[in-house]
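Asker: Read off the chains here:
Protein chains: 2
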Amino acid sequence: MPEVKVVQQFMQANDSVAADNRRLLAERGVVAVNLMASPGAGKTSLILRTIEALDGRARIGVIEGDTASQIDADRVATTGVPVVQVNTGGGCHLDAPMVRSALDALPLDDMDLLLIENVGNLVCPAGFRLGESQNVVIASVPEGDDKPYKYPAMFIAADVVVVNKIDLLPYLDFDLPAFRRLVQGVNPRARVFETSCRTDEGLSDWVDWLDGLRARPG
Amino acid sequence: MPEVKVVQQFMQANDSVAADNRRLLAERGVVAVNLMASPGAGKTSLILRTIEALDGRARIGVIEGDTASQIDADRVATTGVPVVQVNTGGGCHLDAPMVRSALDALPLDDMDLLLIENVGNLVCPAGFRLGESQNVVIASVPEGDDKPYKYPAMFIAADVVVVNKIDLLPYLDFDLPAFRRLVQGVNPRARVFETSCRTDEGLSDWVDWLDGLRARPG
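Those protein sequence lines, which keep their order, are chains A and B. Throughout the first sequence, residue numbering follows the working numbering, covering 599 to 816 in sequence. Throughout the second sequence, residue numbering follows the working numbering, covering 599 to 816 in sequence.
Same shape as in the complex, but just chain A (with noise of 0.2 Å):
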């Protein structure tokens, strides 16, 4: 079955790369979170509201993903911490090559924590490591309390599910309780974090995570 083979040799090449990004990473002193999510779960407020709640503890950098268009990466730059936008043409995922050319496009010697936003997409981003110390899923109200049982390989490939737009919980049917249960289900060692980006509330928790981080990176 030569496709098979075709399959499993990308794969390999691509995690061969994600193992060099995380060595140089490591060697520069630099903690990567990939964050991934649905898109409009709240990936790039997230990040900008990261940026502001970190300023003067952590040197940022961030990596935008996107299938087209920069306007992440726009918004982004005007925080003033280095941003490079990774354009992947219509596909549907960053792979580490796309990483590795970022890399080489931040000031990593002056940087702590590495932020990749992936493409906006709950099923491909999962298989394909980054050169990331944590993987981040961003699942937000207005999905449902029912993604963790329909989108599975997302949630075990998680280090860590952040419910973001809790301020929308008054206006929906979301049962926190039952979207735990269910996360716990497909991955009982996932972190969950709870976040508005509108009210600030629960991102002192989940910026304080990221801050520690840096005690033990890899």
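Hints were generated in silico from the structure; no laboratory data involved. The beta-carbon is built from N, C-alpha and C at its ideal position, and this holds for glycine as well. This list has only true hints and no planted wrong ones.
Under 10 Å between C-beta atoms, here's a sample of chain A residues computed to sit facing chain B: (1) S636; (2) P637; (3) A639; (4) A666; (5) I669; (6) A737; (7) E741; (8) D765.
The following residues of chain B were derived to be distant from chain A, with all beta-carbon distances above 12 Å: (9) Q610; (10) N612; (11) A656; (12) R727; (13) W807.
For this one, chain A is given, so just place chain B on it according to the hints.
Answerer: Coordinates of chain B only, in the frame set by chain A:
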């Protein structure tokens, strides 16, 4: 470049099966609509409200595509319409052969309209024709108004764009005229509906359009 050749052959194979599906559906007088959206945009809810609203006007069948689980199919089955679950086994989109298998399990002679719920993904499904007569993208208000700009391939593929969850407009910064301008920019021929499956606002226009498709299938 052998890889490119393989991909092209693969897409040609899909398009060929899609053409077979289209022919089979036309012979049986069934109009097929491919519903694509991000996870949690409200595809299943829109299908459920549509079945209810078209009761007595059209005989509906449903194909439910998911990476895993069958909760959406179970929800649709409670309405009494024939439904087939397609699990992609982690795959990020439906393809024409999957739909072909599902068609064999549906009572086509007793159907007028086939609603196909694709995998929740605003990237990959855009590239795979299934045999549908219309492609519909559902964009929900909480995802933000910039999606046509960030996921252009999906909006270019759309015959119709449904803006769903408009009952949440008072709680979010979604600029409806700006969204319509972005859709117009990437795809001037796309028709836009605005709906809420909570308040039923706008549903009748959408349902009337669907019902009208039967007069001009293919």
